[in-house]
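Peer 1: Note that the protein sequences, when read in sequence, are chains R and D. So that you can map any letter, position 585 of the first sequence is 585 in the numbering used here, and since no number is skipped, the others follow by simple counting. So that you can map any letter, position 134 of the second sequence is 134 in the numbering used here, and since no number is skipped, the others follow by simple counting.
Calculated directly from the structure, the hints in this document are not laboratory data. All C-beta atoms in this analysis are idealised placements derived from N, C-alpha and C, irrespective of residue type, glycine included. Hints should not be assumed to be uniformly reliable.
Chain D regions said to be covered by chain R (calculated; three or more residues, Cβ under 8 angstroms) [as the list claims (entries may be wrong)]:
(1) 53 to 65
(2) 74 to 81
(3) 89 to 100
Letter by letter, the chains look like this.
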Amino acid sequence: MASKYVIGIDLGTTNSVMAYSELGESLDIKLLKIPQLVAENTIEAHDSLPSFSYLGTTAETENGTLNLPWAEERDFATGTLARSRGADFPERTVGAAKSWLCHNKVDRRAAILPWNAPSEVSKISPVTAAQQYLEHLVSAWESEFPTTPIREQQVVLTVPASFDPVARELTREAALAAGIPSDFVLLEEPQSAIYAWLAQQGDQWRKKLKVGQSVLICDIGGGTTDLTLISVDEEDGELVLRRVAVGDHLLVGGDNMDLATAHSVSQKFAEKGTKLNPWQSVSLWHSCRAAKEALLSVDGPATHSVSVLGRGSKLIGGTITVEVDKSEIASALLDGFFPACGIDDRPQRQPASGFQEIGLPYESDPGITRHIAAFVNAHCSHDSGEVKLPNHVLFNGGVFKATEFQERLLQVMSDWNPNDHSCQRLDGTHDLDFSVARGACNYGWSKATGGIRIRGGVAKSYYVGIETAGLAIPGAPRPLKALCVVPFGMEEGTQADVPSSEIGLVVGQPVSFRFFESNTRKEDAPGFVLDHWTEEELDETDPLQATLTLENSEETFVPVKFDSRITELGIFELWCVGVNSQGQWKLEFNVREE
Amino acid sequence: MGLMAASKAFFKLLFNKELSESFQQLVDGRLQPKLESKPAKPVRKSEPKPKRSDAISLLSALQREARFLDIVSESLGDYSDAQVGAAARDVLRDSGKVIERMFSLRPLTEVEDGASIETPSNFDPAEYRLTGNVSGDGPFSGNVAHHGWKATKCDVPQWSGNKKTEMIVAPIEVEIA
Chain R
1 MASKYVIGID LGTTNSVMAY SELGESLDIK LLKIPQLVAE NTIEAHDSLP SFSYLGTTAE
61 TENGTLNLPW AEERDFATGT LARSRGADFP ERTVGAAKSW LCHNKVDRRA AILPWNAPSE
121 VSKISPVTAA QQYLEHLVSA WESEFPTTPI REQQVVLTVP ASFDPVAREL TREAALAAGI
181 PSDFVLLEEP QSAIYAWLAQ QGDQWRKKLK VGQSVLICDI GGGTTDLTLI SVDEEDGELV
241 LRRVAVGDHL LVGGDNMDLA TAHSVSQKFA EKGTKLNPWQ SVSLWHSCRA AKEALLSVDG
301 PATHSVSVLG RGSKLIGGTI TVEVDKSEIA SALLDGFFPA CGIDDRPQRQ PASGFQEIGL
361 PYESDPGITR HIAAFVNAHC SHDSGEVKLP NHVLFNGGVF KATEFQERLL QVMSDWNPND
421 HSCQRLDGTH DLDFSVARGA CNYGWSKATG GIRIRGGVAK SYYVGIETAG LAIPGAPRPL
481 KALCVVPFGM EEGTQADVPS SEIGLVVGQP VSFRFFESNT RKEDAPGFVL DHWTEEELDE
541 TDPLQATLTL ENSEETFVPV KFDSRITELG IFELWCVGVN SQGQWKLEFN VREE
Chain D
1 MGLMAASKAF FKLLFNKELS ESFQQLVDGR LQPKLESKPA KPVRKSEPKP KRSDAISLLS
61 ALQREARFLD IVSESLGDYS DAQVGAAARD VLRDSGKVIE RMFSLRPLTE VEDGASIETP
121 SNFDPAEYRL TGNVSGDGPF SGNVAHHGWK ATKCDVPQWS GNKKTEMIVA PIEVEIA
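Pulled out of the complex, with its shape left as it was, chain D reads as follows (with noise of 0.2 angstroms):
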């Protein structure tokens, strides 16, 4: 039971932040610990569950939904334009869709491409990439090239597997006569 208490504690503390910190303090002495009697609550039976990267799960998605793992693997000297034209059809598609769903991109300015746009004085480089005759620190105008992406959420789907198929991105499908 302590055990188990333990290492339920040490998950915690590994994903959790503001936990982590205040554990910190609480060993340093620098925080009393807060007294509340709480209901007991029944404890969980399961292993603290596995994290997987988000970048697997959200790989799994697409080709799941839309078989984007697929149509990148495949040599596309093989076929020709209108092959690949019809496959790409559907799973460009379906991509988008499961994009969509989880991320919501958004273009990062209303200005039209080719439109004139103009930046603050003090901007972020993360958020405009400027090229041609640039000097001094701006504001700059010009015309835009592109209008940026920015997601609007992260909403990649939950995984609850466990260590040994993590790295799993697509199961053997396997047909029985």
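One chain only, chain R, in its complex shape (with noise of 0.2 angstroms):
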């Protein structure tokens, strides 16, 4: 049956939106509003779902408290309630799932968030999470348009550039797991900011972008951070966009400065001698919000009073107010999150302390720039000696509506070449909240009516670990050789083999193979044998395993070669075929904590 809509999904780390569009002659996006709790009993529909899980008591199901039109007897909610939830019962609430999803350091399939939550907490997995909002954004869809089921529609879904194959699948798995039909693709979120970019200038992007320019996107969601570098190529007269890099998957965000803000502001009321509960926090942080994008506008305010309200009904007389001035805010957020760099910068990784509670990683180096520099030092050409910096910046993320921020951001980098002028904010409206799911949107219609597209393929390498034969050393792990399966750039519908001596499988009991993805080694084809490597060339992470079996067949071992596929909506797989047998086997990645 033929889809009536396209609907692009923006999975976010703290909001998720869902934008569709009728596949007709234009391309006409509208944003599905989405029924949810705002507070008990109380359902008011947004642009956005907030994606927080709360999970209820057993008081609230019974009561019916957290029932939707679409589903009776909940014990838990989706959405506004679940994040204003969060800052009172922190240990029933669910947040930054996404995260967790391509944290490789814990079993992402088990039932481990709220992390730390009390014994009497059902938990779940950073999976179902993730199926919690998307259930909830397909009943929204399906409420709205009951003749026209989610399965019967074209379904577009972003995911993090910097996402590896695991997460990608693992968010695969959720999106199958809540309803949404098996071909949706997935699509990087940079690249879905500037496919709402395109919808919105038309025809005009022509004249914008020029042969041999480079657009980067800075995309600052509420927790992480996602670059990709998109050059402008020529084929056949026809401009052609190129993804041509993406950066690491960066956990530092909007929230962390909202925070910084947050803390530095009751520094404040402490001095006042006023203690902030958690409600009272949570308010602070709100209008510290406001502060920031007031105070760092392009000519703001040089002065923003908070307050925070008092507690009781007695309002006016328990509410307490500080002046925040533009230059502290400045200098904890611009020199903190922003600060000025030099291209040769590099992130600082701090020591570790001595305990370490696994959570998630959060990055040591909060400076963005610092994370910038490299990104840029690695991927944009050097002529001789200098720089040659991106033409256009394109920002999203609501972190941005503190237009100081893009101003900082454009600064820094123009001092890296102070020759190169030609580095400027991409002209045209930049839709710093809902751009992503948009841009999924009009992906989703170009791939239908034969639109532009942006080329690109696989944004990094991927290399399978192989211990070397030879005589063991007790004691000694035996050396590791990465064999290159997947090229950088590999297209999506396409398939490798890759050229390798025979490797000999064990029947019967599980194999498993050490990964590993390279943001930097572009050159590598299939077979490529790497000896050694260094931390930042070669990233681990999740082991792939299979195991192998045989009918009919007395024998133990199998030689194999390893044939790799990315499949037509964008999702890894590695093939283990036999060479003198028919066999073949699919290796599948192992996501449980070691």
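Got two chains here, each in a separate frame; can you build the complex from them with the hints?
Peer 2: As structure tokens, then:
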């Protein structure tokens, strides 16, 4: 059955958004209003669904407090209510589930969230949390459009460009469990931001981007920062956009900035002898976000007052106000998160303190400009010792509503090459909150109607670890080599035979391969073997494993070679293919804790 | 089962004008029932939801998000202007957000205060309020003293609680030590 709509879903770390358009002659993108609990028994439709889950108490479930128009006897809530409960009941509230999905030190299918919750709370897994948000969006769609169920529509779901193949696979698992059709497409979020810009520009974009130019997309979400570089090329006289690099997954975002502001402002309240309770701390957080946006807009006021209202019904008498200067906020946020730095500066890796809780691996260096310096230095070309800066910067994420952040970033980058005056904000509207969902919608529409597509393929190269044969030395691990199985830029819908010496695998027992990825090794072809590498070159993620079975055979050993595939939908698969036998076995990521 | 269906039908008829009119016609014998074979829908277990006045839901939202009821219920005489101002700044900002989200208020005319405007000849008094020297049927011309307001939508939250709690605007908040 032909789809009537294309649906773009932004499954964000802190907010999820759904945009849609009819698959007709022209693109007309709308946001779906998402009914959700905003308080007990109270449902309101908003443009976005905060990506939080609140695990309810028995009393709440029995009284139907958390019910939705489409769900009775609910024992959890997603959305605005869940987010606001985070302040009062952190031990019952799940947040940042998406960051947990790509955290390979924990079992992401195990019920581990909320992290550190007491035993009476029945925890959920990161995959289940993602599934709950997606199920909520699917139900919102089905109640708005009952005659065109989502399983018959074209769906595009976005993931961070820096998501590794395991996190993509887990996202896919959550999406399928939530009822999203199996032919949905994964799209990288920064690319989606470009598609939103393209949708808004119409044919004008060809006048704004020139052959040989490049665009840096700086996407700062609530909890993560994602970098992508796009180049403008020419093919058969047509302009072509090509994604040339993506950055590492950085766990630093807007929420860190609001917390930093709230922390410094709460010192001022402490000086006045006021100790804030959790409720007041949240209200302070919101007030600080408003203060940040006002003070850090270009030509913003020099001071802004921040108040915390009295907790009880005596509101006016209990209200305390402090004045916050622009200079204080600027030094805390601009210098903390967007410090001036040179092109050769690198993020500082601080040695971990003796005891470290597992939790999420937040960035030890919150200086986003230093992360960008490392990225630009690695991926932009150098002419006569000077770096060629990206010509355009596209901003995404609510953080950039404080426009001084945009100015600061452009200034820091211009200083990297004073002779290069080309680095500018990409001309046009940057829709900071909703462009990812809108862009996903435009991508789906372009895919169906033959419009502009960004080329790129895989943004990294992938490797499996092979232990070398030879005499084992007691107590020493066998030397490990890395065999390239997916080259940088391998396109969706293609496969690669990996030339290698035959690898003998034991039948009937689980076999496991260590798995690595690289942002920087762009020349390695399938079959290329690395003998040694630095920590910056290859990142290890979850291992791949399979149990080989052979019917009607006495063999205990099978010689195999690898065959890698990137599906049409952007999913990575690695297969072992028998050299002498007919069998082939798919390797699956093992996401369990070691 | 029959009682449940009847009570569901009752609430449907009560709240759906179109449906209740055709029901009346059906009872009067003016309308033949249309026979359609529809797939059987699963019967919802729940009782019909009580409906609460949108006004209570609006008050509840203003209190929850902006502490509006606290500030208007407090005796202003006890505080200095600066104290009232400090509290009011946040309450007004957050109340404004709630009202904008639910009603999207827009001026009724684009003409600015003090500038001249001409009314149509047969205008609705709900749309224009004339003061001063008014005689005859118009059209009139004069200066805008106030641009007026109109709500471009009315999206008050739906409520799904029970009869016992429908008049509760804000719950008692208890801190457990």
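Peer 1: Count the residues of the stretch 74 to 81 of chain D with a beta-carbon closer than 8 angstroms to any beta-carbon of chain R: does the count reach three?
Peer 2: holds (count 4)
Peer 1: With a Cβ-Cβ cutoff of 8 angstroms, does the stretch 53 to 65 of chain D contain at least three residues near chain R?
Peer 2: n = 4 at 8 angstroms, threshold three: holds.
Peer 1: At a Cβ distance under 8 angstroms, does chain R reach at least three residues of the stretch 89 to 100 of chain D?
Peer 2: holds (count 4)
Of the hints listed earlier, there is not a single one the structure fails to meet.
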